[in-house]
Amino acid sequence: MFDLIQFSSVGEFLNMGGYAFNVWLVYALFAMFFSVNLTYPLIRKRQIVLEQKRRLILNKEIVSQNEDNNEVDNLTFRVGEGT
Amino acid sequence: MWLWFSKLGSPKWFYELSGKWLPWLIGPMALLLIVGIIWALLFVPPDYQQGNTIRIMYIHVPFASISLAFFPLMALAGTITLVWRMKLADIVAKTAAPLGAWFTALALASGSIWGSDIWGTWWIWDGRLTSMLLQFFLLIGVISLRSALEDAEAAAKACAVLSIVGCINVIVIKYSVDWWNTLHQPSSPFSLSNEAPNPPEVWIPLVIMIFAVYLFFAVSLILSMRNEILVRERRSEWVQQLVQAT
Numbered sequence: 390m391f392d393l394i395q396f397s398s399v400g401e402f403l404n405m406g407g408y409a410f411n412v413w414l415v416y417a418l419f420a421m422f423f424s425v426n427l428t429y430p431l432i433r434k435r436q437i438v439l440e441q442k443r444r445l446i447l448n449k450e451i452v453s454q455n456e457d458n459n460e461v462d463n464l465t466f467r468v469g470e471g472t
Numbered sequence: 163m164w165l166w167f168s169k170l171g172s173p174k175w176f177y178e179l180s181g182k183w184l185p186w187l188i189g190p191m192a193l194l195l196i197v198g199i200i201w202a203l204l205f206v207p208p209d210y211q212q213g214n215t216i217r218i219m220y221i222h223v224p225f226a227s228i229s230l231a232f233f234p235l236m237a238l239a240g241t242i243t244l245v246w247r248m249k250l251a252d253i254v255a256k257t258a259a260p261l262g263a264w265f266t267a268l269a270l271a272s273g274s275i276w277g278s279d280i281w282g283t284w285w286i287w288d289g290r291l292t293s294m295l296l297q298f299f300l301l302i303g304v305i306s307l308r309s310a311l312e313d314a315e316a317a318a319k320a321c322a323v324l325s326i327v328g329c330i331n332v333i334v335i336k337y338s339v340d341w342w343n344t345l346h347q348p349s350s351p352f353s354l355s356n357e358a359p360n361p362p363e364v365w366i367p368l369v370i371m372i373f374a375v376y377l378f379f380a381v382s383l384i385l386s387m388r389n390e391i392l393v394r395e396r397r398s399e400w401v402q403q404l405v406q407a408t
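Protein chains in written order, with our numbering: chain A, 390 to 472; chain B, 163 to 408.
Since the hints were derived computationally from the structure, they do not count as laboratory data. Backbone N, C-alpha and C fix where the C-beta goes; we use that ideal spot for every residue, glycine too. Possibly wrong hints are sitting among the right ones.
What the hints assert, rightly or not - Ranges between beta-carbon positions, derived for each pair:
| hint | chain 1 | residue 1 | chain 2 | residue 2 | range |
| --- | --- | --- | --- | --- | --- |
| 1 | B | A314 | A | Q454 | 29 to 37 Å |
| 2 | A | V399 | B | R397 | 55 to 63 Å |
| 3 | A | A417 | B | P190 | 22 to 30 Å |
| 4 | A | E401 | B | W281 | 22 to 30 Å |
| 5 | A | S398 | B | F299 | 39 to 47 Å |
Bound-form chain A, shown alone (with noise of 0.2 Å):
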């Protein structure tokens, strides 16, 4: 199998007959393009989870704030709750 290789030296492959730099160019291209567009998705939804736990956590602060300035129903709604 190893003998089906195209290139006799690593210096050879690297040159590329030449045109190493377009050739190399084009594969970096691909392997930016490719592991941005598998990385990007993934540190977005982090981006997303966290988003959306700081707005829970604020939400649930809005609504036991609002409790608490209502103490007859916040009483009540302890008392209810057996606590």
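For this one, chain A is given, so just place chain B on it according to the hints.
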């Protein structure tokens, strides 16, 4: 059938199912990519005219061929949005547009770099190149149209119409090499004979790379669709539970 159809439109259902699909897509994609790239870089014989620049083909052709799928895909999703107002279809249409712009850009860039060697020029206003550039601008148009319109439903409808119209350009791209025969070569037939200009040792790795890039497209689309679903469904209970669980 109709139950399946309406289920498919549910973002929650798609989110759960695609989570199961992803490993089965990523595995074969990685395998095909590794085999395809090693084959293309090391084992494909240099072309008798183009020498080692032939190795650029294994990136350029898969990306160029998948780029043509974006407008038909967006048009199909757009039609479903217009007729049945399926939520998921608009999510496909929205996430496919920027992805398509990137894939088209890479096809253009790799073609341009290839051309600078074998044609002696980076760019020429040839039918194929021009129509491909037009597709890139059309995709940018779809993206900006959606962000320009405040009303999400109106934006979805406008983008659906533009995507359907944009399909005309795909036909132009496809046949451009036959209609205006300038620098870009027409597509070569695959042949099993070793005497043919396109023997199996040249096109088998190409087919492998095409499948690999198609899978890569599917994975990228699913990943960004899942994010879009999380944003759009953020008020629903299942997303809130999912957020709290992570």
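Okay, the hints, checked on the actual structure:
{"no.": "1", "hint": "B:A314 <-> A:Q454: 29 to 37 Å", "in the structure": "holds, 32 Å"}
{"no.": "2", "hint": "A:V399 <-> B:R397: 55 to 63 Å", "in the structure": "holds, 57 Å"}
{"no.": "3", "hint": "A:A417 <-> B:P190: 22 to 30 Å", "in the structure": "holds, 24 Å"}
{"no.": "4", "hint": "A:E401 <-> B:W281: 22 to 30 Å", "in the structure": "holds, 25 Å"}
{"no.": "5", "hint": "A:S398 <-> B:F299: 39 to 47 Å", "in the structure": "holds, 45 Å"}
In summary, this structure violates none of the numbered hints.
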